[in-house]
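**Q** Residues per chain, in single letters:
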Amino acid sequence: MMPSLTLGPVLFNWPVDRWRDFYARIADEAPVDTVIVGEIVCFKRAPFFADAMGEVVERLTAAGKTVWFASPILVGSDRERAAMRDLVTGEGMTIEANDMGALALLAGRPHAVGPMINLYNEATLAWLAGRGAVAVSLPAELPAASVATLAKAGREHGVAVEVQVFGRAPLAISARCYHARAHGLHKDGCQFVCGNDPDGLAVTTMDGQPFLAVNGTQTMSHGCLCLAEELEALVAMGVDRFRLSPQAVDMVRVAQAFRALIDGERDGRDVAAELGGLIDAPLVNGFFHDTAGARHVASAGAALPA
Amino acid sequence: MRDPDTTPDDRARLFEMRLGRAGLGLVPRLGGRLSDALLDRLFQRLAARHPRAFATLRSMPEASLRIEPVDTPAALTLRVGPALSLRVTRRDDDAGPDAARPDAIIRGPYARLLDLLEGRIDGDALFFRRELAIEGDTALILALRNTLDGEEMDLMADAASIAGPLARVLPVLRRNAGPALDRLEAARRLLPPPLRRGLDRVEARLAGTRPASEV
Amino acid sequence: MDGFELICPAGTPAALRAAVDAGADAVYLGFRDETNARNFPGLNFTRDDVAEAVAYAHARKVEVFVAINTYPQAGNLAPWQRAVDDAARLKVDAVILADLGLLEYAARRHPDLRLHLSVQASAANAEAIRLYREAFGVRRVVLPRVLTVPEIARLNAEVDIETEVFVFGGLCPMAEGRCSLSSYATGLSPNKQGVCSPASHVRYEPRGTALATKLGDFTINVVGADEPAGYPTLCKGRFVAGDTPAYLFEEPTSLNAMDLLPELKAAGVHALKIEGRQRGKAYIGAVVGAYREALTAFAAGQPVPRLDLQAMVEGGTQTTGAYKRAWR
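Chains as they are written, first to last, in this note's numbering: chain P, 1 to 306; chain U, 1 to 215; chain A, 1 to 328.
Hint data in this document are derived by calculation from the structure and do not stem from the laboratory. Since the structure is predicted, the reported quantities are computational estimates derived from the model, not experimental observations. One thing to keep in mind: the hints can contain errors.
Derived list of chain A stretches under chain P, where covered just means 3 residues or more per stretch with a C-beta under 8 Å from a C-beta of chain P [claimed, not checked]:
| id | region |
| --- | --- |
| 1 | 88–100 |
| 2 | 118–131 |
| 3 | 178–184 |
| 4 | 205–218 |
| 5 | 262–273 |
Residues from chain A that face chain U, not an exhaustive set, calculated with beta carbons under 8 Å [stated by the list, open to error]:
| id | residue |
| --- | --- |
| 6 | Pro41 |
| 7 | Ala153 |
| 8 | Ala199 |
| 9 | Ser200 |
| 10 | Ala282 |
Some chain U residues flagged as far from chain A (calculated, every beta-carbon gap over 12 Å) [what the hints assert, rightly or not]:
| id | residue |
| --- | --- |
| 11 | Phe43 |
| 12 | Arg45 |
| 13 | Leu46 |
| 14 | Met60 |
| 15 | Pro73 |
| 16 | Arg91 |
| 17 | Ala100 |
Note that CB positions come from ideal geometry on N, CA and C, so glycine has one too.
Just need the whole structure built from these sequences, with the hints factored in.
**A** Below, the structure is given as structure tokens:
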């Protein structure tokens, strides 16, 4: 299978105009194959994007992109459940499930499994494949050895395996809104303060070290996950799909860089250097190298051409 | 010091604790060979009674832990790993020439450390209240805490059983701890400081560390 | 059933005896390896320990559950499968699992083994829970600590399965089993290695009268001389998001839902769970004893006594957590 590029859903609460413009530019200029859309972090944000969704999907589809719809990460309340059910049972859409409830409703129908489903081993992958999963996006914290085993299992079961190669890593989800809490507000009266931080709210330690980024009920890494230097190794493992997670940077340029990398036109170090200058955070790859996710491990050329 | 709410059990405990603390304070003064011999005997006794814990301690990677009761002049150094050992040193000579820096240190009042060792009190609760301070290899301290907490230890009885006369006296002391404690307390209150130190020596003798005077 | 089943933790055989003697209906524990979510140094049970634990507990009409609730490592499923096989052989009363592949294995290989769904699976809605019941025959679900009591009630009304909820102990502010914070700071995670903010990566750094806590490369708290300390857990740390340092995710606090017994009963909850396999037997004895006393009074229709567990709780404060909407 030819490696392909996926643009993950926008995880931040961007103003709807910005959101619509972002996708218009992606449709026109970004060399990505699949675009996954949907508000998956906070149920309260979803109505803002509902009206623009049809237009965005149409535009992306017209540009030749495959469009999938992502289901929410945390589904607890009745209203969240109803929304999830409406989405998942909708006709003619491919769904990426991010919660076991969505997965339950998708049984027997081709679907994708998102990075928020706990997929850690080949037995789980086989079980998911048996229920109709055609693609899986692996959790960010998996080390290289696990990725390799799962890529192999994916081949055996006819499931495309995806790894996130760019963007802040999603680290946790909660019923509590930390954006609201940081502003002394309650989730029910949050005033949508998460809208002020298009790349998340910076969290530093008491010693002033940048550490995390809060995105409403989600907690993300401060470091920007980047596996440009590992991409060749990933392809060699049999990973089919590479996910770019949107940040408030020039994502078209990010997509172009990774496309050139996949096509063998640029090397990983060169791409990492460019991306490092693009985002106001260090590039990290520790999860893949089986160490602290916040670290950057020099790839020592293992994955690079001589 | 006397709390009207304390039960006879509590008071027996207090009495034992004082004896133990005094005894511990004396050990480093015994001279290296004798204190080592005493501790090795205690250790063998504990190993026989708590094989599970000792197997765990021996199976751990080699490391040393210093236990510092802040209200005694002595400290304990526990070496875990295949060459498991326990040594007592004076608390102030951690800068000595052969005193390698321990991998971890746990510091707190003697009574709290003893409670912790015997699983009478929850280590986490002590830590939350800031009654214990820890430094260095936190995993080592946690491993030791968890290992010891998995046992039903009676350190005073074990210590007494290797320390000569107290082996016979302890059960009696425990029964009579209340009145004995009253007398000790009353005596202590009446005594000028130098004599209070004398009383400490009496306690020390009771704790079976008598050989000190014979060295 | 008038009351609740009381499910109590044990990290060591001594803690198990303490829990049984203090009035547990069931004790949950883990093997001494990465197959359980409290894989802490010096803690947990060998196979022989489990055999003894089962004998001790069963002789006193108390059940034993084994938590095998981490996610098996790709390419290395054997330790987890062996754990399930051994739990079955040792005649434990249930295994508590989270991983889909391992649930499938257990259901296929040991059809008579009772399966409980771990909180680490974070099954937070009726659709998800029904899936685990129908696919693997899961009999009980430990609910994630993200639901309010009314949400639990509706869930129980919809799905025919026993529900177990946490009532006391450490509180994860994040959805359990869906958190890589520890992994981000240390490389070790609850899902992979069964550890969160592992002690091996914690260092305390005295700074005058203050005490700094470091986890891996990051300072997760600095407490002044008179402040109580919390667990050195990442999400219980103090961080700066804006101007001043604050407990951004959760204060150092413990869950205590003793006041909610009537509501939980009305919501159809079957079993109450106490957290703390990493805590000492003194904690186990005190907390289990207090809850047994409360449940006995509750079952008899008497007022639930006010029991003092203040000394046992993190940071010296207690919360009802997500059970009340205001927590969010």
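**Q** Is it correct that the beta-carbon of Arg45 (chain U) has no partner in chain A closer than or equal to 12 Å?
**A** holds, 19 Å
**Q** Per the stated criterion, does the least C-beta distance between Phe43 (chain U) and chain A lie above 12 Å, as a non-interface residue requires?
**A** Label holds. Min Cβ-Cβ 18 Å, cutoff 12 Å.
**Q** Three or more residues of the region 88–100 of chain A near chain P by CB distance under 8 Å?
**A** It holds, with 3 qualifying residues against the three required.
**Q** How does the coverage statement for the region 205–218 of chain A fare against chain P, requiring three or more residues with Cβ below 8 Å from a Cβ of that chain?
**A** holds (count 4)
**Q** Closer than 8 Å between Cβ atoms is the bar; does Ala153 (chain A) clear it against chain U? Give me holds or violated.
**A** Check failed: Cβ of Ala153 (chain A) comes no nearer than 33 Å to chain U, outside 8 Å.
**Q** So, as I understand it, the hint says Ala199 (chain A) touches chain U; can you test that by seeing if any CB pair is closer than 8 Å?
**A** holds, 4 Å
**Q** Should the hint that Ala282 (chain A) touches chain U count as held when the rule is a Cβ pair under 8 Å?
**A** holds, 5 Å
**Q** Compute the least Cβ-Cβ separation between Pro73 (chain U) and chain A, then decide whether it is above 12 Å.
**A** holds, 22 Å
**Q** The region 262–273 of chain A covered by chain P? Criterion: 3 or more residues, Cβ-Cβ distance below 8 Å.
**A** Not satisfied, violated; 0 residues make the cut.
**Q** Checking C-beta pairs, does the region 118–131 of chain A have three or more residues closer than 8 Å to chain P?
**A** Answer holds; 10 residues pass the 8 Å Cβ test.
**Q** Measuring from the C-beta of Ser200 (chain A) to each C-beta in chain U, is the shortest one below 8 Å?
**A** Ser200 (chain A) check passes; min Cβ-Cβ to chain U is 4 Å, inside 8 Å.
**Q** Checking C-beta pairs, does the region 178–184 of chain A have three or more residues closer than 8 Å to chain P?
**A** holds (count 6)
The structure shown violates the earlier hints numbered 5, 7 and 14.
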